[in-house]
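The lines below spell out each chain.
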Amino acid sequence: MRIVVGEGSCGIAAGAHKVYEAIEKLGSGIELGITGCIGMCFLEPIVDIYDKDLLACRLVRVKESDAQTIVQAVKSGDLTQLSGLAITEDDKSFLDKQTRIALRNCGIIDPTDIDQYINAGGYKALEKVLSMTPQAVIDEIKVSGLAGRGGAGFPTWFKWNAARESNGEPKYLICNADEGDPGAFMDRAVIESDPHNLIEGMLIGAYAIGAAEMVVYVRAEYPLAIVRLEKAIEQAREKGYLGKNILGTGFCCDMRIKAGAGAFVCGEETALIESLEGKRGMPRLKPPFPAQCGYNDQPSNINNVETFANVAWIIQNGGEKFAAMGTKDSKGTKVFALTGKIKRGGLVEVPMGMTIRDIIYDIGGGIRGDRKCKAVQLGGPSGGCVPYDKFDTVIDYKALAATGAIMGSGGMVVMDDTTCMVGMAKFFLDFTAKESCGKCVHCRIGTKRLLEILDRITKGEGKDGDIELLEELCDGVKSGALCGLGQTAPNPVLSTIRYFRDEYEAHIKEKRCPVGECRDLLTYTIEKEKCRGCTLCAKKCPAKAISGEVKKPHEIDKEVCIKCGQCVTLCRFGAISVR
Amino acid sequence: MKDCKCSHKISDLSLIKNVLDQYKDKPGSLITVLQKAQEIYGYLPTDVIYHIADVMKTTPAEVMGVATFYTQFRLKPVGKYLIMLCQGTACHVNGSERIESAICQRLGICDGDTTQDGMFSLKNVACLGCCSLSPVMMINGETYGSLTPQKAIEIIDGLYAKEADK
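Read top to bottom, the protein sequences are chains A and B.
Heads up: take any position in the first sequence, counting from 1, add 382, and you land on my numbering.
Heads up: take any position in the second sequence, counting from 1, add 1, and you land on my numbering.
Each hint can be trusted.
If we take Cβ atoms under 8 Å as the criterion, some of the chain B residues that face chain A in the derived model are:
| id | residue |
| --- | --- |
| 1 | V67 |
| 2 | F70 |
| 3 | S102 |
| 4 | L129 |
| 5 | C131 |
| 6 | S133 |
| 7 | Q151 |
Distance ranges between label pairs, derived from CB positions:
| id | chain 1 | residue 1 | chain 2 | residue 2 | range |
| --- | --- | --- | --- | --- | --- |
| 8 | B | N141 | A | E887 | 44 to 50 Å |
| 9 | B | M120 | A | T907 | 33 to 39 Å |
| 10 | B | G159 | A | K710 | 55 to 61 Å |
| 11 | A | K710 | B | M120 | 58 to 64 Å |
| 12 | A | R961 | B | T60 | 55 to 61 Å |
| 13 | A | K626 | B | T60 | 37 to 43 Å |
| 14 | A | G459 | B | D118 | 51 to 57 Å |
| 15 | A | G847 | B | G159 | 46 to 52 Å |
| 16 | B | G119 | A | K845 | 42 to 48 Å |
Calculated pairs, DSS-like style, for lysine-lysine (alpha carbon to alpha carbon, straight line, at most 25 Å):
| id | chain 1 | residue 1 | chain 2 | residue 2 |
| --- | --- | --- | --- | --- |
| 17 | A | K945 | B | K152 |
| 18 | B | K124 | A | K661 |
| 19 | B | K37 | A | K661 |
| 20 | B | K77 | A | K816 |
| 21 | A | K445 | B | K163 |
| 22 | A | K922 | B | K152 |
| 23 | A | K400 | B | K163 |
| 24 | A | K830 | A | K860 |
| 25 | B | K124 | A | K816 |
| 26 | B | K152 | A | K926 |
| 27 | B | K124 | A | K945 |
| 28 | B | K81 | A | K400 |
| 29 | B | K124 | A | K830 |
| 30 | B | K27 | A | K626 |
| 31 | A | K613 | B | K27 |
| 32 | B | K77 | A | K661 |
| 33 | A | K661 | B | K18 |
| 34 | A | K613 | B | K37 |
| 35 | A | K661 | B | K27 |
| 36 | B | K152 | A | K725 |
| 37 | B | K25 | A | K661 |
| 38 | A | K400 | B | K152 |
| 39 | A | K780 | A | K710 |
| 40 | B | K58 | A | K661 |
For the record, the hints were derived by calculation from the structure and aren't laboratory data.
Every residue gets a Cβ at the ideal spot worked out from N, C-alpha and C, and that includes glycine.
Excised from the complex, chain A in its bound form:
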């Protein structure tokens, strides 16, 4: 039997490596390994026990202290004693409705061992491609209907073809792994859990466009992804998959990693190129497109990690098989990072055409605490929200765009009835205003002004006409901004106004936050019947707004109260109500 610990970033954050070390210490003689992220973040740390090559038992929410039991069970061969830790049938269903292509090896193979990737059929697609013409490779991708998974959904074959037909040497193939959308971690999971899949996909792309150099631009906040990819590159070089004369075919191509330095705008392809050149990551005016004049003014092709992660599978299984999945306009699968107020948060890969409802309820298990679901945010700060009554919308580039949201890179943040939608719009604008590079006026000033208005509204200082002003300003920013960041920045505002106009009106007209989240619009009162007069709140109140005698109900002076909420946190009797 073999023990495998899931060591993706979120597994490690939940304590997986400590579990690994504990098992290593106690279980000498037992075969112990690691794997990447299976996507069940809500169950981390996860330990799998394999009997030969079959998964015999999956243990969840494992603690360091469980190591002894696990080692004992594996040594004795009697896994029934682990039933308390084993995954429930219900949680197992998390994987049932998924179709895994980009994530096919994630959480199964050891990302630090190239042989495991090869045994799983890895680098076979590269071998096949090297006997094809580059044009035939592009044609196969065209048949598959693969579109850019970074958010824009541009046909991959078209970009490859443009770069191929472009004159100029050398050509570059660049992978955009600057996953800046707060609440999305698909690309990180692919790199951490299956780095060779990315390398193979990129090699196929490089062969198709005729590039001799590949660069992966990785977010600096992903140290583990960088370490694993570095190791994978080294192993691929040793085996002859990277470097000069690959597999004896004369094809030469090498790869390097460039760590980003933290700027959301560098997810935009021309800004990414600027950053690669060591400059401030400010977008360029297009055209010329990167396919003509990109990195070092040479023809360059940029795709997202998830896009590349599909390529090897398509080559091996044929474009038609990929195109058989999905809808008329959107083919294949899409990975989503399911987070927020969801019971089973994690990474899911579903065929296009599945409804949002199926993802949230059948895979995600519904809303935490069985509260009422309000909306789901797709595409992060560039996207919009889809309200509950539109949850039958299918995952499809066009269908999602019609709701005012976008497919985006795959962030799917679920919100329940305790989330203020005006506050949500403000949160995203705060993000884009901070991340605006400042090159064009519409984005630099426009997002700032939008944020100011939203800030005013959430403070109870909204005025009649503010909603219309927001809409007008949004139109201006959308049409005038230079790059995708600015052009999409108003989306969260427009979509929340579209579906939750009543919440905006309540803030503006009644100076009230319907869900009680906007701090400045709240009033704190002590419920007399619940207060025991313990004096704790009065002692700790930073504004000295609470008064009362010992063992008698206290009172809050609303004029003095600064609404810091400390009394609510401190009170052991739940006597402070917030409205």
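Model the placement of chain B on the given structure of chain A, informed by the hints.
For chain B alone, kept in the frame of chain A given last:
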């Protein structure tokens, strides 16, 4: 900078010599050089920025422009413990704002500041990618998840207590 008579701290520029030797002739490597410099000094001191500009044959304004553009670079030293508080969407939905006010209140600092005793720095970050553990903070590489304002303060107090024991 060499003749500067003000009270600015003078950095040991020899520490970065190897890095500069390796990259000074490679175009487009300024960000990498700054990342290595920050690894060495903990932040980017002004005299180091001037020195980098000098060796890389560019202007201090150019280097400063890059250093201030990216959030990773710091122009001030950080405390012994760097609290990276996640403000990603999932953490926001699960109450990261309340965690921030609790930490600020406990330490008497705002985002981007360092406590006077040099123990703690607070930095809001976009997303740490541990969304299922939200709200999350990371202190010197260690992740703390499922935070409440109370829990965050206990963690900080715990670190203070640990330091006092030393």
